[in-house]
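Participant: Next come the chains, spelled out residue by residue.
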Amino acid sequence: MIRAGPILAMLLAVFALWYAAAVPMNIREVLTEAERAGAAVTPATAVERRDANALGLVLANPGQISGTWAQDRPRLPAPHQVAGELWQSTVMEEIEGRRGLLNSGSLSNRGLLLHAWITLSATALGFLIGAGAGILLAIGIVHSKTMEKSVMPWAIVSQTVPIVALAPMIVVVLYSVGLQGLLPKAVISAYLSFFPVVVGMVKGLRAPDAMQTDLMRTWDASGWQVLTRLRLPASMPYLFASLKIAVAAALVGAIVGELPVQGGGLGARMLAGSYYGQTAQIWAALFLAAALAAVLVAAIGGAQRLALRRMGGAA
Amino acid sequence: MSAAILALALWLGLWALNVWLATGPLANRIWARMAVPLLFGLTILVLWEIAVRALQVPLVILPPPSQIGARFGASLPVLWADFVQTIGRGALSGYLIGCGAAFLTAIAVDRFVFLKRGLLPLASFMAALPIVGTAPILVMWFGFDWQSKAAVVVVMVFFPMLVNTVAGLSETTAMQRDLMKSWGAGYWQGLLKLRLPAAMPFVFNGLKICTTLALIGAIVAEFFGSPTLGLGFRITTSVGQLALDMVWAAILVAALAGTGFYGLVALIERGVTFWHPSQRG
Amino acid sequence: QDLDEVRLQLQWVTQAQFAGYYVALDQGFYEEEGLDVEILPGGPDIAPPQVLAGGGADVMLNWMPSALAAREKGLPVVNIAQPFASSGLMLTCWKDTGITGPQDFRGKTIGVWFFGNEYPFLSWMSQEGIPTEGGDDGVTVLKQGFNVDPLIQRQADCISTMTYNEYGQVLDAGITEDELVTFKYEEEGVATLEDGMWVLEENLEDPDFVDKMVRFVRASMQGWKWAGENPEEAAQIVLDYDETGAQTEAHQVRMMGEIAKLTEGSDGSLDEAAYRRTVDTLLAGGSDPVISQEPEGAFTHEITEQALQ
Amino acid sequence: MMNAPIPQTVISARGIDLTFETADGPVHALKGVDLDIAKGEFVSFIGPSGCGKTTFLRVVAALERPTAGEVSVNGLSPDEARRARAYGYVFQAAGLYPWRTIGGNIALPLEIMGFAKAERARRVREVLELVELGGFEKKYPWQLSGGMQQRASIARALAFDADILLMDEPFGALDEIVRDRLNEELLKLWARTGKTTLFVTHSIPEAVYLSTKIVVMSPRPGRITDVIDSPLPRERPLDIRDSREFIEIAHRVREGLRAGHED
Amino acid sequence: MMNAPIPQTVISARGIDLTFETADGPVHALKGVDLDIAKGEFVSFIGPSGCGKTTFLRVVAALERPTAGEVSVNGLSPDEARRARAYGYVFQAAGLYPWRTIGGNIALPLEIMGFAKAERARRVREVLELVELGGFEKKYPWQLSGGMQQRASIARALAFDADILLMDEPFGALDEIVRDRLNEELLKLWARTGKTTLFVTHSIPEAVYLSTKIVVMSPRPGRITDVIDSPLPRERPLDIRDSREFIEIAHRVREGLRAGHED
Ligand SMILES: Nc1ncnc2c1ncn2[C@@H]1O[C@H](COP(=O)(O)OP(=O)(O)OP(=O)(O)O)[C@@H](O)[C@H]1O
Ligand SMILES: Nc1ncnc2c1ncn2[C@@H]1O[C@H](COP(=O)(O)OP(=O)(O)OP(=O)(O)O)[C@@H](O)[C@H]1O
Ligand SMILES: Cc1ncc(C[n+]2csc(CCO)c2C)c(N)n1
Ligand SMILES: [Mg+2]
Ligand SMILES: [Mg+2]
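Protein chains in written order, with the numbering used here: chain A, 1 to 315; chain B, 1 to 281; chain C, 1 to 309; chain D, 1 to 263; chain E, 1 to 263.
What the hints contain is simulated information worked out from the structure, not anything from laboratory work.
Possibly wrong hints are sitting among the right ones.
As the list claims (entries may be wrong) - Derived pair list, reagent style DSS-like, types lysine-lysine, alpha-carbon separation capped at 30 Å: (1) B/K181 / D/K139; (2) E/K139 / A/K203; (3) E/K139 / E/K117; (4) A/K244 / A/K203; (5) E/K117 / E/K31; (6) E/K195 / E/K139; (7) B/K181 / D/K39; (8) D/K117 / D/K188; (9) A/K145 / A/K244; (10) D/K188 / B/K116; (11) D/K195 / B/K208; (12) A/K145 / B/K208; (13) E/K31 / D/K139; (14) E/K138 / E/K188; (15) C/K225 / C/K73; (16) A/K203 / B/K181.
What the hints assert, rightly or not - Here are some, though not all, of the chain C residues that point toward chain B, as calculated from beta-carbon distances under 10 Å: (17) L52; (18) A70; (19) K73; (20) G189.
Even glycine gets a Cβ: it sits at the ideal position worked out from N, Cα and C.
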């Protein structure tokens with residue numbers, strides 16, 4: 001209860017701000033519509049309003065404020081519009097839609113749930129590939145000076161390549177060499193998620209202090225024993241911290257990989273929404289994606305608690 | 001077949017040279033330390049060139065590095081203008097505004113538990129908003145020019161910077177804080193003389209992460225509308241024109257700029273956090 | 001029996017612009033021809049010629065300027081059929097900006113699609129003698145995103161629209177036709193051919209491939225015919241195939257109506273006069289022409305001739 | 001276990017209880033602690049690990065608030081005394097700020113208290129001499145050995161001339177020889193300045209050697225089991241440690257400690 | 001400063017030099033160290049901070065390679081001896097792995113050395129009894145007090161029955177009473193097992209109480225300044241510390257230390 005208080009207060013503040021911001025953001029179009037409908041607005045013509053200050057317009061036409069929260073294609077949809085769209089495109093679509101769960105027996109492609117699922121599966125696959133590759137690379141880096149010196153700088157450079165910008169092209173190229181379905185998106189996901197894992201795991205695998213590794217030496221432990229008995233357990237807190245970042249990155253990767261809209265997914269949904277000027281649709285997909293990220297991060301947090309409990313819950 | 005053997009031989013040879021450079025008697029020389037990653041990069045480029053030529057990959061799929069280099073050299077003025085537009089205007093101003101705002105917010109969040117409890121979860125939610133969705137909206141709000149790119153960058157860098165700075169500000173040990181208290185230090189004194197210096201390693205961690213994010217944000221935002229220049233513009237239009245060499249030349253600019261940007265921040269970090277164990281080597 | 005596989009790369013997301021193909025698929029026209037067709041939606045980030053080059057598709061739909069440019073870039077693509085007889089491209093401007101003709105574009109901001117589709121606009125401007133570097137004397141060109149917001153938000157004075165899609169979106173946004181001025185490329189004499197079917201030249205040496213294409217074109221044209229006759233159903237079929245579920249029915253029905261006007265009068269074979277006009281427009285592109293030489297062998301009538309028998 | 005009130009009491013604790021609420025349940029760190037400390041006294045606290053020595057010092061310095069009971073420092077509450085900058089606190093570990101040089105570390109409390117620049121420089125030089133670190137002003141903490149860092153942290157606590165010196169095992173990490181020398185110096189310093197000093201240690205000889213009063217504590221809950229007023233003279237050469245009185249007091253302290261361990 | 005060769009020498013060091021190359025220039029940690037240690041001896045190393053005690057132990061355990069000189073352990077090189085698993089090393093801090101229970105920590109070297117599961121369980125139980133931690137097998141390190149952790153770490157070093165025990169200030173962080181108790185127990189253990197033991201400490205009484213031989217070192221560069229063979233009997237009750245011999249040896253050690261500090 002004590003913890004929920006501030007969040008609720010902040011949420012309220014955000015909603016209030018949001019509603020307030022929607023007024024000047026949308027006023028111009030509202031006035032234009034009102035003018036078309038024959039109402040008297042000041043200034044009277046769109047040309048005059050074009051360079052007018054938005055706040056000034058609001059003050060000059062206070063009667064039109066409620067219209068800014070009820071537009072069809074708002075610049076900034078009001079919270080209840082987004083919530084309504086979310087409700088429509090998840091629950092209502094599945095219940096009532098021609099292709100919804102109730103009527104067709106499978107999730108509707110006009111609803112968001114199917115797209116969230118598509119994105120989620122690409123994210124999961126990409127995350128597994130990326131995290132796995134990241135861990136292996138980190139192990140290599142920790143064990144080989146040459147690997148460290150040659151690969152590490154390029155791992156950094158690799159992240160300065162605007163992969164997000166290349167994603168569509170890569171997906172196309174992969175598609176043309178026969179990689180289809182989830183895999184091309186997962187490759188982008190993996191590319192974005194491997195880096196945080198490498199950085200975190202290199203730190204984590206090096207976390208044991210000199211004494212802990214020296215002890216291993218006095219027992220004449222093999223490299224493999226040191227890895228499994230010391231480095232890996234010691235790296236767990238670092239691993240989970242980076243996995244949380246990585247899973248969020250993987251989600252972004254999957255969404256970006258959906259830019260070529262074949263196959264659907266939340267990314268395709270957002271873009272298609274933007275092609276057809278469906279603002280509410282973009283916002284709904286956007287919020288669902290953020291919620292998905294929150295769930296994924298929370299899931300990793302759960303795994304973390306479980307693992308740390310099994311490891312004595314010290315950290 | 002012979003190309004495969006040639007590639008393999010080259011790979012093994014260069015790798016062996018690298019092993020020797022990295023672990024051999026010269027390993028501590030500065031030039032050897034620089035040479036190792038460069039040699040690794042060179043190896044990849046050579047293998048790329050061989051692969052593209054041997055497999056006769058169509059130019060419109062993947063051009064060889066030599067052609068990319070030639071295109072880069074021939075298009076310097078265009079690429080320079082793109083660089084100025086995307087990185088000089090969009091990324092840089094967004095980076096400064098976003099990181100600055102996050103820094104100040106972090107100080108407020110650190111001061112008021114209420115904000116920490118209320119704002120941090122919201123900020124993390126905001127961080128999860130994918131750029132693909134936010135960019136079109138921000139382009140719609142802020143117009144086609146660099147301002148909308150800066151806005152996208154602000155949204156992208158805000159959260160990582162906030163989280164890092166908040167973590168950094170609470171990085172002091174109880175003893176360090178107690179000392180301040182025992183001297184009767186006020187809030188601002190504690191902030192300026194203790195918490196901010198102690199936070200610097202984290203602040204720079206955030207600043208480094210944000211360099212690449214800023215770059216990516218500015219470029220991707222250009223997909224959703226831009227004037228007729230900029231790296232993102234160049235990449236998309238060139239893909240459309242099948243000028244893949246130009247696409248890669250633009251990517252090269254982005255990677256060079258990103259690496260330079262990152263290196264610059266890392267350099268400043270060295271100067272500011274010289275005292276931190278990770279910098280003392 | 002074994003069906004021959006054909007992959008078709010569209011140049012935009014699933015919408016009624018491609019109704020003929022979806023109808024042919026849905027109504028089994030392809031199957032009747034012994035074809036197993038896979039339709040790959042496109043989008044603003046997919047360059048169909050690249051997909052073709054990489055072997056990701058057998059046929060692509062492309063606008064002729066972009067395809068001819070690819071041809072000059074060393075990717076020999078050949079037009080095998082041209083179901084779209086006329087162009088749907090136009091500029092849509094606010095009337096209140098005072099624009100009445102192309103000469104009024106000076107000093108204005110205009111949104112243009114790039115990605116290979118800027119060519120017709122650039123050659124039009126160079127024919128008019130209007131520089132495109134901005135300033136009072138020239139037009140300021142924006143790379144337009146893929147919706148009509150820039151016009152509605154008045155970030156641009158004019159934007160590119162297609163008669164069948166974006167123009168409808170502008171009207172859907174509540175703007176009335178008399179608030180707008182439109183310039184159809186067709187009417188300005190700078191029209192270039194749009195959605196044509198293109199394949200790689202080397203594939204045409206393979207008789208089996210040619211035979212496959214003949215059947216493909218035949219079935220596709222049958223689809224277009226059916227779509228023109230049953231616009232409502234065609235729109236519904238398109239909606240069913242849309243994987244993003246983003247379009248609305250009303251919009252697709254209207255789009256189908258407009259598309260039918262563009263395919264009208266085409267039996268799929270390329271009209272050489274229209275081809276001539278397209279090439280001339282492109283060659284006239286001023287300082288930075290889209291194509292620098294007269295293309296050769298960029299089309300063939302072989303397929304359509306066999307298909308129409 | 002109260003000792004008679006002494007004139008000019010600087011610190012007076014009455015019935016201090018302190019309970020930490022932890023996830024595993026409450027930890028009773030201090031229970032019914034009464035103590036009076038007169039001006040200029042050198043009081044050592046000794047007791048097994050976890051008996052509440054540190055906690056008591058922290059209560060005096062207003063770094064911890066007791067659950068029950070009253071502490072007054074010069075008639076003020078600990079918090080008022082803290083804000084009046086009455087304390088010089090030396091923690092068990094050196095606790096130097098790594099981004100400041102030794103000189104900068106010592107100057108830090110002076111900056112915070114608003115000393116003028118020249119005065120700061122003068123004082124830094126002075127206390128550095130005192131702890132034999134002249135010439136190390138420009139070095140960073142990590143460039144010094146543990147013992148030198150500890151001395152720098154003592155210098156920092158001395159620099160601003162607080163009335164009350166609180167030292168929590170300041171010599172824990174040092175070897176016997178250095179420790180002896182620093183003990184001698186601390187004693188001299190104390191004799192010269194007459195600062196009221198509260199000193200925590202684990203070493204019985206150290207406690208006996210330094211103190212005018214030794215407080216023996218027992219753990220869980222932390223209580224005072226013995227308060228020994230030392231009969232040793234103020235002048236104490238190192239070899240006083242071989243004297244009968246010294247050995248007797250040491251014996252009494254050890255017995256007190258053992259008793260604490262037994263319960 | 002060599003003592004006469006003793007039959008059955010286990011460790012023999014001849015002219016050991018060790019110089020660390022650091023950014024600030026070379027640090028001479030050890031210089032010309034000669035030492036012979038016979039089977040079953042208990043050797044304490046004492047000397048000011050930074051004199052090279054730890055470094056010497058590390059050289060013996062093959063964790064550091066000397067710049068010059070020869071060490072042999074049972075006629076082997078230190079590295080061969082390490083691979084023959086001749087050492088049980090106890091570091092200054094307990095160094096238990098926090099993700100393993102006490103039992104798991106003790107079993108770890110046994111796992112690594114390939115002991116069978118039943119044998120591991122048996123030994124863990126045995127050494128836990130030995131250090132009086134029976135019943136704590138399933139606890140995690142942080143659930144134990146510092147003293148108990150230290151005992152667990154000693155148990156870990158004992159479990160695999162190495163010939164040579166190397167202990168680096170194992171009791172540094174404990175209070176006097178607990179330390180006394182552990183000293184007594186360590187002595188009993190040593191008497192029972194007869195393991196050759198090398199023990200680093202800062203405490204003179206501890207060194208004298210435990211050792212058959214005390215090595216006094218001086219710093220920079222680390223040299224041996226005195227080697228004292230203890231005339232004390234093997235059986236040592238705690239109050240032997242008040243005996244004349246004890247005090248005499250302690251005096252000699254203190255003098256040796258002071259001399260080291262002077263140069
Ligand atoms: N912040 C805290 N939260 C919970 N328990 C605490 C806290 N601080 C101290 N304690 C507990 O209070 C008791 C007294 O601790 P204190 O640090 O005062 O002991 P000490 O006498 O200084 O011991 P040492 O000699 O080991 O320094 C201990 O049992 C300790 O575990
Ligand atoms: N890895 C290293 N690199 C550089 N110098 C080192 C290193 N290890 C030890 N030294 C230096 O070698 C000298 C001897 O160190 P050592 O740890 O052996 O001292 P010690 O006698 O164990 O001291 P203490 O009692 O403080 O533990 C010191 O001056 C120390 O600074
Ligand atoms: C990046 C890109 N921009 C423009 C087009 C041209 N285009 C061809 S079909 C179509 C849809 C109209 O509703 C458009 C805009 C393209 N293919 N790709
Ligand atoms: Mg304490
Ligand atoms: Mg040591």
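Participant: Does each hint fit the structure? Answer for all of them.
Facilitator: Tested hints:
Restraint check: the Cα-Cα separation between B/K181 and D/K139 comes to about 25 Å, which is no more than 30 Å; the hinted pair holds. With a CA separation close to 28 Å, the supplied pair E/K139 and A/K203 stays within the 30 Å bound. Between E/K139 and E/K117, the direct Cα distance comes to roughly 20 Å. Compliance with the 30 Å bound is thereby established for this hinted pair. Of the pairs offered as hints, the one joining A/K244 and A/K203 holds, with about 16 Å between alpha carbons and a cut-off of 30 Å not exceeded.
A distance of roughly 45 Å separates the Cα atoms of E/K117 and E/K31; the hinted pair therefore is violated under the 30 Å criterion. For the proposed pair E/K195 and E/K139, the alpha carbon gap of about 28 Å is at most 30 Å, so the pair holds. Of the supplied pair hints, the one linking B/K181 and D/K39 holds, its CA atoms being roughly 23 Å apart against a limit of 30 Å. Restraint check for D/K117 and D/K188: satisfied, since their Cα atoms lie roughly 28 Å apart, inside the 30 Å limit.
Restraint check: the Cα-Cα separation between A/K145 and A/K244 comes to about 28 Å, which is no more than 30 Å; the hinted pair holds. Only pairs whose Cα atoms come within 30 Å are accepted, and D/K188 paired with B/K116 is rejected, the gap being roughly 49 Å. A C-alpha spacing of about 49 Å is found between D/K195 and B/K208, which places the hinted pair above 30 Å, so the restraint is violated. Distance restraint check for A/K145 and B/K208: the Cα-Cα separation of roughly 24 Å lies within the 30 Å cut-off, and the hinted pair is therefore satisfied.
A C-alpha spacing of about 27 Å is found between E/K31 and D/K139, which places the hinted pair at or below 30 Å, so the restraint holds. Distance restraint check for E/K138 and E/K188: the Cα-Cα separation of roughly 26 Å lies within the 30 Å cut-off, and the hinted pair is therefore satisfied. Distance check on the hinted pair: C/K225 and C/K73 sit about 35 Å apart at the alpha-carbon level, beyond 30 Å; violated. Note on A/K203 and B/K181: the hinted pairing is violated, with a Cα-Cα distance of about 33 Å set against a maximum of 30 Å.
Because the closest C-beta pair between C/L52 and chain B is about 9 Å apart, less than 10 Å, the hint holds. Hint status for C/A70 relative to chain B: holds, with the closest Cβ pair at about 5 Å, below 10 Å. Because the closest C-beta pair between C/K73 and chain B is about 5 Å apart, less than 10 Å, the hint holds. Because the closest C-beta pair between C/G189 and chain B is about 25 Å apart, greater than 10 Å, the hint is violated.
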